[in-house]
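Chemist: What follows is the residue order along each chain.
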Amino acid sequence: MSTRDLWLALALVVGGCASTAMTPRATEGPNLGSEATPAQIAGWDISVGPDGVGLPPGKGTSATGAIVYEQKCQACHGAKGGGQPNDRLVGGHGTLASKAPVRTIGSYWPYATTVFDYVRRSMPYIQPQSLTDNDVYAVTAYLLHLNGIISETDEMNAQTLPKVKMPNQPNFIIVYPSRGK
Amino acid sequence: MPDKAIVEPAVDQSKRRFMKQSLGLIAATGLGAGGAKEAGAAPPEVPPSMKGPGDGMSQYGSPAKYERKVTRVLIRSQPGTTGSGASRTPLESLDGMITPSGLHFERHHSGVPDIDPDQHRLLVHGMVKRPLIFTMDALLRYPMISRIHFLECSGNSQTLYQPAPPNLTAGETHGLVSCSEWTGVPLRVLLEEAGVDGSAQWMLAEGGDSAAMSRSIPMAKAMDDAILALFQNGERLRPENGYPVRLFLPGWEGNMSVKWLRRLKIVSAPIMTKDETSRYTDLQADGKSLMFTYPMGVKSVITLPSHGMTLRGAGLYQVSGIAWSGNGAIRKVEVSSDGGRTWTDAPLVAPVLPRALTRFRLPWKWDGTATVLKSRATDETGAVQPERQPFIAEHGNNAIFHFHAIQAWGVAANGEVKHVYA
Chain Y
1482 MSTRDLWLAL
1492 ALVVGGCAST
1502 AMTPRATEGP
1512 NLGSEATPAQ
1522 IAGWDISVGP
1532 DGVGLPPGKG
1542 TSATGAIVYE
1552 QKCQACHGAK
1562 GGGQPNDRLV
1572 GGHGTLASKA
1582 PVRTIGSYWP
1592 YATTVFDYVR
1602 RSMPYIQPQS
1612 LTDNDVYAVT
1622 AYLLHLNGII
1632 SETDEMNAQT
1642 LPKVKMPNQP
1652 NFIIVYPSRG
1662 K
Chain B
-15 MPDKAIVEPA
-5 VDQSKRRFMK
5 QSLGLIAATG
15 LGAGGAKEAG
25 AAPPEVPPSM
35 KGPGDGMSQY
45 GSPAKYERKV
55 TRVLIRSQPG
65 TTGSGASRTP
75 LESLDGMITP
85 SGLHFERHHS
95 GVPDIDPDQH
105 RLLVHGMVKR
115 PLIFTMDALL
125 RYPMISRIHF
135 LECSGNSQTL
145 YQPAPPNLTA
155 GETHGLVSCS
165 EWTGVPLRVL
175 LEEAGVDGSA
185 QWMLAEGGDS
195 AAMSRSIPMA
205 KAMDDAILAL
215 FQNGERLRPE
225 NGYPVRLFLP
235 GWEGNMSVKW
245 LRRLKIVSAP
255 IMTKDETSRY
265 TDLQADGKSL
275 MFTYPMGVKS
285 VITLPSHGMT
295 LRGAGLYQVS
305 GIAWSGNGAI
315 RKVEVSSDGG
325 RTWTDAPLVA
335 PVLPRALTRF
345 RLPWKWDGTA
355 TVLKSRATDE
365 TGAVQPERQP
375 FIAEHGNNAI
385 FHFHAIQAWG
395 VAANGEVKHV
405 YA
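Those protein sequence lines, which keep their order, are chains Y and B.
The numbering of the first sequence is our numbering, which starts it at 1482 and goes up by one.
The numbering of the second sequence is our numbering, which starts it at -15 and goes up by one.
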């Protein structure tokens, strides 16, 4: 052991003694969290990853989705996802490199699971988390079908949705952590 | 070559103050003459304020009534909504490095929630040994740190991607940046208590607003300098800034500093939320998009003088502005008063802190001819703020986020200051 290591070891011993008394490590917390139960977590955990982890049981197709859409979504997003007064959800394919890019679910979004995750957590704008999981699957199917990504009869569920390939996904370049600025 | 019109910084302080105040008056009134008309208050008269007692104390102070025009600006929300949009800091009306909490910019995705701190909980779960729930009272007992940092929405200055210069003030253009002292618990402390799995690379942060706004955060940042912020500029967070608790990620795009924080889920890969895929990604001219472009680039803007102000004749003025970088401290700000042909180092106002707004000021003798003012910041990593033309050549006009090129203000011979691309 070098002299430097010896001093380091000694410093650690002294520091260790001190930390048990009045001067805790800067990163030491008082442990005031209460353990969360699986039921508590289940009530809050609404996130869905691109691998499908987090997708709930349930299913839906475009036909049901069209009905839900007309009742809950159309007022803001226009007939068949055409937009106005708010974001357009359908079309825009092939426009991203033009002077007027149209970014929609179909032309831009890289993952189909994001549609489910976002609709369930945030939509409809005035009443989020009010749709049933079946309704969310159905609206997701409807929007994917309108964008020509799945067929009218394809059922969306926890197994099928993560397998949907979004057309613009290969055009995303992940920068972090390769670029430092 | 030094810029001849930039006066050496050693200038009488009272004169600089006067110049600044007279400029401000011109901006506020839109008049070319800043003459005061306080009849009865000017010497030799004794002003009314000295002829009787003033107002009493107050429980919570407000700005002077004469400053009521200084408000957040360019408040815009999605059609049919009032809380899905942004408001901006009036940069040209402020000085120093700290933004008053009431003027801090806002960006909400579904309004400002009303959250009772006694009812609010923070859940930490996922790839941890012990999933934990924290009350706000509990968090207030944790060891705190205080840091002065800017927060910038990655959509700041986005109008400058457009082909024509906008008709907007400095605040309307660049006011999605603000700077506060943030006090809270180092996030690392809570994550260590929960016992984060060493192989976990990401963390989902979710807000308690009606958008349940969520972002995936690299674990490296969470364990480095992330703060669970409870206080802003000495008082508890304002509701519009995430009361009762927000995530704060120094230097990174504002959307990731999730407000009204309710849940942190430790995960192995990004969740690919709406905001990190369809929203805060950078569409390039070739149709490809950059994803996870987190730190805000080195940037500066002259706030005095700036668009909408009028210089009152040739003479000595003070140029003042702010600079910042998501990658560290500002090392240098250069100012040009000849459209970028020559540059002069502007003195930086202490303290110069990493990932904080840094004020620069320097005197400028205007000769009364048309010219262009620019500022150019360099950060401690050596990154230099780019000119707009090469920046646009690289990124195109279709991007919305992470604009950080040089701002040019055209000064006309009649003193009017306007946006120019030069």
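If you're looking for bench data, these hints aren't it; they were derived computationally from the structure.
Careful, some of the hints might be misleading.
[Unchecked claim] Cut-off 27 Å, straight-line C-alpha distance, at most; resulting in silico cross-link-like pairs (DSSO-like, lysine-lysine):
1) B:Lys272 to Y:Lys1580
2) B:Lys349 to B:Lys402
3) Y:Lys1553 to Y:Lys1580
4) Y:Lys1540 to Y:Lys1646
5) B:Lys272 to Y:Lys1646
6) Y:Lys1561 to Y:Lys1646
7) Y:Lys1644 to B:Lys349
8) Y:Lys1580 to Y:Lys1644
9) B:Lys272 to B:Lys316
[Unchecked claim] Examples of chain Y residues lying across from chain B (beta carbon under 7 Å, computed):
10) Leu1513
11) Pro1531
12) Gly1572
13) His1574
14) Tyr1657
Owing to the predicted nature of the structure, the values given are computational and were not obtained by experimental measurement.
Idealized CB from N, CA, C, for every residue including glycine.
Chemist: Work down the list of hints and note, for each, if the structure agrees.
Modeler: Results for each hint:
{"no.": "1", "hint": "B:Lys272 to Y:Lys1580", "result": "holds (14 Å)"}
{"no.": "2", "hint": "B:Lys349 to B:Lys402", "result": "holds (18 Å)"}
{"no.": "3", "hint": "Y:Lys1553 to Y:Lys1580", "result": "violated (32 Å)"}
{"no.": "4", "hint": "Y:Lys1540 to Y:Lys1646", "result": "holds (18 Å)"}
{"no.": "5", "hint": "B:Lys272 to Y:Lys1646", "result": "holds (17 Å)"}
{"no.": "6", "hint": "Y:Lys1561 to Y:Lys1646", "result": "holds (21 Å)"}
{"no.": "7", "hint": "Y:Lys1644 to B:Lys349", "result": "violated (65 Å)"}
{"no.": "8", "hint": "Y:Lys1580 to Y:Lys1644", "result": "violated (32 Å)"}
{"no.": "9", "hint": "B:Lys272 to B:Lys316", "result": "violated (33 Å)"}
{"no.": "10", "hint": "Leu1513", "result": "holds (4 Å)"}
{"no.": "11", "hint": "Pro1531", "result": "holds (5 Å)"}
{"no.": "12", "hint": "Gly1572", "result": "violated (15 Å)"}
{"no.": "13", "hint": "His1574", "result": "violated (11 Å)"}
{"no.": "14", "hint": "Tyr1657", "result": "holds (4 Å)"}
Going down the numbered hints, you'll see the structure goes against 3, 7, 8, 9, 12, 13, while the others check out.
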